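S.K.: Chain by chain, the residues run as shown.
Number of protein chains: 2
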Amino acid sequence: MSTKPSIPKGTRDFSPSEVVKRNYIIDVIQRDFERFGFQPIETPSFENSETLMGKYGEEGDRLIFKILNSGDYLRKADPDALKAQDSAALTGQISEKALRYDLTVPFARYVVQHQNEITLPFKRYQIQPVWRADRPQKGRFREFYQCDADVVGSRSLWQEVEFVQLYDSVFTHLNLRNTVIKMNNRKLLSGIAEVIGAEDKLIDFTVALDKLDKIGEEKVKTEMREKGISEAAIAKLEPLFHITGTVSEKIKTLRELLATSETGLQGMDEMEFIVETIAELELKSATLEIDVTLARGLNYYTGAIFEVSAPEEVKMGSIGGGGRYDDLTGIFGLKDISGVGISFGLDRIYLVMEELGLFPKTVLEGTRALFVNFGEAEAKYAMRAVSALRDEGISVDMYPDPAKMGKQMSYADKRDIPFVVLTGVSEMESGTYTLKNMKSGEQQQVDIDQLVRVLK
Amino acid sequence: MSTKPSIPKGTRDFSPSEVVKRNYIIDVIQRDFERFGFQPIETPSFENSETLMGKYGEEGDRLIFKILNSGDYLRKADPDALKAQDSAALTGQISEKALRYDLTVPFARYVVQHQNEITLPFKRYQIQPVWRADRPQKGRFREFYQCDADVVGSRSLWQEVEFVQLYDSVFTHLNLRNTVIKMNNRKLLSGIAEVIGAEDKLIDFTVALDKLDKIGEEKVKTEMREKGISEAAIAKLEPLFHITGTVSEKIKTLRELLATSETGLQGMDEMEFIVETIAELELKSATLEIDVTLARGLNYYTGAIFEVSAPEEVKMGSIGGGGRYDDLTGIFGLKDISGVGISFGLDRIYLVMEELGLFPKTVLEGTRALFVNFGEAEAKYAMRAVSALRDEGISVDMYPDPAKMGKQMSYADKRDIPFVVLTGVSEMESGTYTLKNMKSGEQQQVDIDQLVRVLK
Chain A
1 MSTKPSIPKG TRDFSPSEVV KRNYIIDVIQ RDFERFGFQP IETPSFENSE
51 TLMGKYGEEG DRLIFKILNS GDYLRKADPD ALKAQDSAAL TGQISEKALR
101 YDLTVPFARY VVQHQNEITL PFKRYQIQPV WRADRPQKGR FREFYQCDAD
151 VVGSRSLWQE VEFVQLYDSV FTHLNLRNTV IKMNNRKLLS GIAEVIGAED
201 KLIDFTVALD KLDKIGEEKV KTEMREKGIS EAAIAKLEPL FHITGTVSEK
251 IKTLRELLAT SETGLQGMDE MEFIVETIAE LELKSATLEI DVTLARGLNY
301 YTGAIFEVSA PEEVKMGSIG GGGRYDDLTG IFGLKDISGV GISFGLDRIY
351 LVMEELGLFP KTVLEGTRAL FVNFGEAEAK YAMRAVSALR DEGISVDMYP
401 DPAKMGKQMS YADKRDIPFV VLTGVSEMES GTYTLKNMKS GEQQQVDIDQ
451 LVRVLK
Chain B
1 MSTKPSIPKG TRDFSPSEVV KRNYIIDVIQ RDFERFGFQP IETPSFENSE
51 TLMGKYGEEG DRLIFKILNS GDYLRKADPD ALKAQDSAAL TGQISEKALR
101 YDLTVPFARY VVQHQNEITL PFKRYQIQPV WRADRPQKGR FREFYQCDAD
151 VVGSRSLWQE VEFVQLYDSV FTHLNLRNTV IKMNNRKLLS GIAEVIGAED
201 KLIDFTVALD KLDKIGEEKV KTEMREKGIS EAAIAKLEPL FHITGTVSEK
251 IKTLRELLAT SETGLQGMDE MEFIVETIAE LELKSATLEI DVTLARGLNY
301 YTGAIFEVSA PEEVKMGSIG GGGRYDDLTG IFGLKDISGV GISFGLDRIY
351 LVMEELGLFP KTVLEGTRAL FVNFGEAEAK YAMRAVSALR DEGISVDMYP
401 DPAKMGKQMS YADKRDIPFV VLTGVSEMES GTYTLKNMKS GEQQQVDIDQ
451 LVRVLK
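Quick mapping for you: the protein sequence lines, in order, are chains A and B. No gaps in the numbering here: position 42 of the first sequence is 42 in UniProt numbering, and each next residue is one more. No gaps in the numbering here: position 393 of the second sequence is 393 in UniProt numbering, and each next residue is one more.
Isolated chain A, as found in the complex (with noise of 0.2 Å):
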């Protein structure tokens, strides 16, 4: 092969800091993940295609990597689908399993699978790469990891306010301050909708509002009487275009708009609660606020709608969201199962810690000391100082070769490694090292304790 190699479009490779960076917010995560008594699973790659498909509507049926059969996949094809080209209908017939789009459909599947060996309420979190055949562009990808926390079994509104609580530990232990966490209520969005007598146009009437930070409050009844939601109707709205103030303003304001409805009003007493808990247990560097506005994945939400956003200087959206969605695993056949979960977004926290460099530096720091290779004796002699810095959790390495000098100092300095020791004739005879601080240039002559000591 000639051309120099690649990788599929959508896809990367991560270097190694990339890497270093990447876990390092992934163990933050996983970290409050389990301090706030969440367990791992792991699921497979990839589900039987049954599992998947119809589970994310027809765009994500079309957007489900579907993996080919092995062996002669085509011998029980049907000879008039393949006549006919007809892609759509052979697709079943030589591809059964899938590769995972998100986690929480296989979350599904693995609660009802193991249903008895479970216990509920189950608080189970999972990080794993997801794959979507998506048009790749800036910020989207065709493989990215997703961290989801979920509970299912209990629909308890602690639960949503252990989540804000998450978010919360989780930003705060990143550094990454002045996140906002904004919550949404399905109940809330269904109650305008009934007291506008447009319960029929829910979906239309949220995906309008939705885009009120993007196009604002004229082009949005624009699109709501396109929708045909009636001039009354959006007369009623105008408190939603203009809500302001204090949460409990905000909160005042909509009860009297929901005041006829039942349901909002429950969404309201849901949102109330979890608002005035959060208040008096505090947040440590997040604010939580309500967003009427946001409706994501509104299909599939019933109670709780979170998104959290980065912080206001840098222009990035939602850093991750949730939400509470009834009957989780009724798709499988087990019924009233109530889940909610959230979900934080790898790579774009990623971007908005490299912005704002709040990666810490020790994060970075890989090998801390090369040892310079003179020959065979000195390098054996080099040897038993690596291995025992090594058995004291210190990074080291050695120079393979006895190459010249400035090659193998050269070497250390493109690796970024911080000190070099070198180990001649002199320092083998008195048992020393020399230790060499690249930066400063600075040298010192020091046994195996001092060696430890400053590797450290």
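Among these hints, one or two may not hold up.
For identical chains, the list gives no copy identity; a pair is met inside one copy or between any two copies.
Straight line, CA to CA, 30 Å or less: simulated DSSO-like cross-link-like pairs of lysine-lysine [claimed, not checked]: (1) K252 <-> K380; (2) K9 <-> K55; (3) K456 <-> K361; (4) K404 <-> K439; (5) K250 <-> K380; (6) K335 <-> K404; (7) K9 <-> K335; (8) K456 <-> K21; (9) K138 <-> K55; (10) K55 <-> K4; (11) K182 <-> K211.
Bear in mind the hints are in silico, worked out from the structure with no lab data behind them. Quantities reported herein were computed from a predicted structural model and do not represent experimental measurements.
Following the hints, put chain B in place on chain A, whose structure we already have.
M.R.: Using the frame of chain A, we list chain B on its own:
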């Protein structure tokens, strides 16, 4: 869907306790990789088919999972291939991507693609899943993790020495003592073939020799005869079948046998350097042995060949392996880059650790305490303590509903949570917590500081 959902054969769900134990092994391996100066990279789960096809032999090509192109994938397919239902001819037309089959070929691709960003010698590690459409059987899966460390760009035998130390270090840190690191050398095998005049039968000869342990001397000789190796040649091999004694005695026997082969003696020089250096530097818990019957991946390796056996009392076979392969990156057009690397068999190490009871108890320690929920006011009081404990890095949980006491206690029990904390009206009044040890049944009234101390 009314049937209970399932997962594709050869794949696995991992329960919380399995994930925790797997991660324990991975963490130990990763920490040692880093101490030894290896840097992590990650490559995409799927590669362009042309990157993988033809790299693992015909059998390998068959076992690679292919991904169906998205959209109307049949549109451009050859109608004749379709009409003939010719699977082999069609595959390349409807599939352009394939799942990673191992970590070595993607690594070679990475080195070539990123040659201007990396500094040689490049020490990388990679811990990611791979997929093979193998017939599933006990201990063989279609999705499994590989844990690889490789160096490219150095022919120094110090790399081999370090890999022996690395195996020893990882297995010592896992408390898996008495592993046997078996070593052979491709040059030594070539030398033997040369000496007995069967150079053209190197593969047949080594494949037969590899079975010595399993089928015994006589059957190995029979197989050699069947492959056309002469009686005279087999007679010359006699010393190989009865090679015993210390490592130095074995080396002596082999040197005599190989006296007329330059290649063979070069292999012996390499083996001897590694054996002697390791003897001087000393291993912690493993033993290094010479095993001339070891032929794993012979087509591939050009120098040292390694394989690690679990301690004798466990019948498990190889738990790791590796070797040196010159010209790793030649397949992608970058010539003359030597590589050497080793791999850890996560699944088998897991089984060995399980069988020998080597997982530390602390690994399975999950949530430390469950706060009982007595109602809204009590739950708010409890949640303050829950948050404080989590801030201290302690995993605690509150039961989400004010359910009956018995139900909450039984939940703690099923989740193996060692403590419950009771926060009723009297505790709220006195600012204390009643801490109950689930094992002993003992109860004590404590303040928040004592709570932290006991649970930490």
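S.K.: Name the hints, by number, that the structure is in violation of.
M.R.: Checked against the structure, no hint fails, so every one of them is satisfied.
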